[in-house]
Amino acid sequence: MTAPLLAVQGLTKHFPIAGGQVKAVDGVSFDVAAGETLALVGESGCGKSTTGRMLLRLTEPTAGSIVFGGVDLLGLGRSDLRRRRRELQIVFQDPYASLSPRNRVEDIIAEPLDVHGLCATREERRNRVIELLRLVGLDAIHLRRHPFEFSGGQRQRIAIARALAPQPRLIVADEPVSALDVSVQAQVVNLMQDLQEKFGLAYVFISHDLAVVRHIAHRVAVMYLGRLVEIASTETLFSAPHHPYTQALLSAAPVPDPERRRSRIVLTGDVPSPASVPGGCHFHPRCPLAQPVCRDTVPALRDVGGGHRAACHFAKPFPIPI
Amino acid sequence: MSLLEVNDLRVHLFTDRGVIKAVDGVSFAVEAGRSLGIVGESGCGKTMTALSLMRLIPQPPARIVSGSIRFDGEDVATMAPDRLRALRGNRIAMIYQDPMTSLNPVFTVGEQIAEAVRLHRRDGRTAAWARAVEVLRLVGIPDPDRVARSYPHQLSGGMRQRAVIGIALACDPKLLIADEPTTALDVTIQAQILELLRRLQGELGTGIILITHDLGVIADLVDDVIVMYAGKLVEHAPVRQLFAAPRHPYTNGLLRSVPSLETRERRLQTIDGTVPPAHAMPNGCRFNPRCTLVQDICHAQEPPLNDVGGGTQAACWALV
Amino acid sequence: MNIPISKLTAIGAGLSLLLILLAAFSPWIAPLDPLDQSFIAANQGPTVEHWFGTDSFGRDVLSRVLFGGRVSLAIGILAPVLSALAGVWAGMLAGYLGGWTDRLLSRASDLLMSFPTLLLGVMIAAALGPSFQSAVIAIAVALFPRFVRLSRSATQVVRREPFIDASIAAGRGTVSILFHHILPNIAGPLVVALSLWIATAIRLEAALSFLGLGAQPPTPSWGNMIRDGMSDLVGDPWPAAFAGAAITVSVLAFNMVGDALRDLLDPETGL
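Residue numbers (the working numbering), protein chains in the order written: chain A, 1 to 322; chain B, 323 to 642; chain C, 643 to 913.
Pulled out of the complex, with its shape left as it was, chain A reads as follows (with noise of 0.2 Å):
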């Protein structure tokens, strides 16, 4: 068995706030293979874009151990670690403000270049430019322009052409998908997919949109308030979901299709704030199946069958009720 591209062990955050601290990840484990798409799905305050950054080091993790290509990153002085970059990049949810407004299209794409010193002079580095934007379907006419005239799925691809630039290995996607339309959707969903096919690029894909996480996800990874309760292949998730927080989350979702106004699992209550988890395991104030041992235990993540492992201490198949 070939080691995964990145192996995540025990991947902690805290944030300390006035009267204690924001559990914002707690002990999240996962591995991604090299040209897999894993996504990390959840709702607000579950920890899964700060996960994404402390994958870069944007966010310094608290505890935990992230290994990318058999090296441990969180080990690495500044100057590995900025040599490491080129292989680990990222593409952020907001088209408007991931991009410079003050520089060209050619310079924002290029900073990977310029940074690690990839293009020996500025022909090599237009020419290499152009041919990124026309990877990601956009034109040289483009160079010259800046983000202000772009719409905002063109912004998006530039924020792609750029993150291919040192040519990468894994892109982490932080809800890359969330603030456009959903035609503009479609083409950038297909735009990465095809990439992926192109490059062999793994992506770590972060979203709460679970439709748009179906179709592009070899695996889906489910948290909820800082924990990862469920990890399994995208079919095996959708169609046999182990805990019941993933069970609610699949049948909470609104499908385009009248015929199913189906009954839902609705949960009650809010989403509790990470800054006062809940004792045990942090889902059973909301759990249609809580009894007194989920206060009292934390369910561990165990396996359930086949590499899919649920942290429910009464995890069985729940077919999504029709």
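No lab work stands behind these hints, which were simulated from the structure alone.
Warning: the hint list may mix true and false statements.
Partial list, derived from the structure: chain A residues whose beta carbon lies under 7 Å from chain C [stated by the list, open to error]:
{"no.": "1", "residue": "Arg85"}
{"no.": "2", "residue": "Phe92"}
{"no.": "3", "residue": "Val115"}
Note that the Cβ used here is the ideal one computed from N, Cα and C, for glycine as well.
The hints should help you fit chains B and C onto chain A, whose structure is shown.
Just chains B and C now, kept in the frame of chain A:
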């Protein structure tokens, strides 16, 4: 007589770069107790349409240049200001996308609901407060007394949106306009709010106009749907009909570009190209640069809205 | 080309430029020697020979205003520029790095700011002995915390934008990010502030030399011309009046430049 009848509404935006026809000849009706969904992508004019219904569009730079908006027989577009004030928040109410900015952070939730009540009814402070608590209970907030005395920042997103719905319903409006009411909410909270809206519609018989880009939400809640593109109404159908047999090529393209929760497709279908910039719309049918069914006439003349069978109306030359 | 500034602000900008040129070329423009005294010509109003009249020593007021402008504008421009060079850099570090760097720099600049500006200027100028240089230092120190504050908060806003994270992810180092990304994005409001504080500095210089702490006589500066003119305001108001008018016009002009720059530098509507 319909509760709301919009006829050939045209709203133009007057900018330095020219006139933008934000809403260009939109007509529809909403019956009492029924719900209409207005769906479209950014720039299609759905929010402008919604804002026009209570003449809330920013004038300048926008202006209702023609058309009528008859609510309960009276034309909102030409109504006197004091009649309009009596209408807003009272007989028609609106809720917006972001509950945090819809609520005033320095007043308690109860005070904000009571304010709406006192504004339109001659209730005293005590009666208005009692109504506020009652409304909070109506929108499914547990412990409404305590919540009424809370400030917005003390409540979660879902609770805030319920409070916002509460303010809108405080005076028992006949029509509720909801502009992307669940877009800013988490999926599990969204499910709660949609269920609330469904229940309220059943219990109170309020007409609802729901504006959203989310086709799943539309499928879940409304009776009829209109689809807008670049300021134009391109399709109008009962909800089941729209999803089962979309007629306009844009509606078709839109429905097919949404990934399915049930199965994984090889590749998502897309609509070629992008929405043209507002000040540079093509001649004829605005969708013609991106349409798979395009013909010569599409470049020359705008298609009218026609009955195309099954209860659907669509504006497309290829369907005539 | 569509230049998005109003006529008024264009006038102000032009005026400032004119003033600077007049001051700079005063040795060649001034009709007479500003130090040339004449007992007979003293205390005269505007005449053909002396357009702005003469002061109590018979010196030509017009020439003194021009030469005084040289001093006043030099200090008024130099001090804020020096202050900005130090203050913007300190503010960027504080805003970007946060933590102890921020705490230290912020406390220090808060301390400086708690002194009334004029008082601070007076204290420093008095301590260093009155001169052109001490006026520059005094004003620069007084303005320093303001630049720190402005650039710190502007930096913090830009720091939060995802494109900065994208740059870090691309591998750019901290100093490089500060110069390449932060500085251009905070430059707009800073340049506007700079021109507004030049206006302030001109007034401060006038106040300092009025108190005798700036350029020393017989070298004219607008402030000390007012000081000299104070004693004989009824009989010979001309030196004080014209020097005062010069200060007012300069301050106004630089304020307008500030407005013009703000419009010009907006990336979407400006250049």
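Results of checking the hints against the structure:
A cut of 7 Å between beta carbons decides the hint on A/Arg85: the least distance to chain C is about 4 Å, and the hint holds. At its closest, the beta carbon of A/Phe92 sits 4 Å from a beta carbon of chain C; the interface hint therefore holds under the 7 Å criterion. Interface restraint check: A/Val115 against chain C, minimum CB-CB distance 4 Å, threshold 7 Å, status holds.
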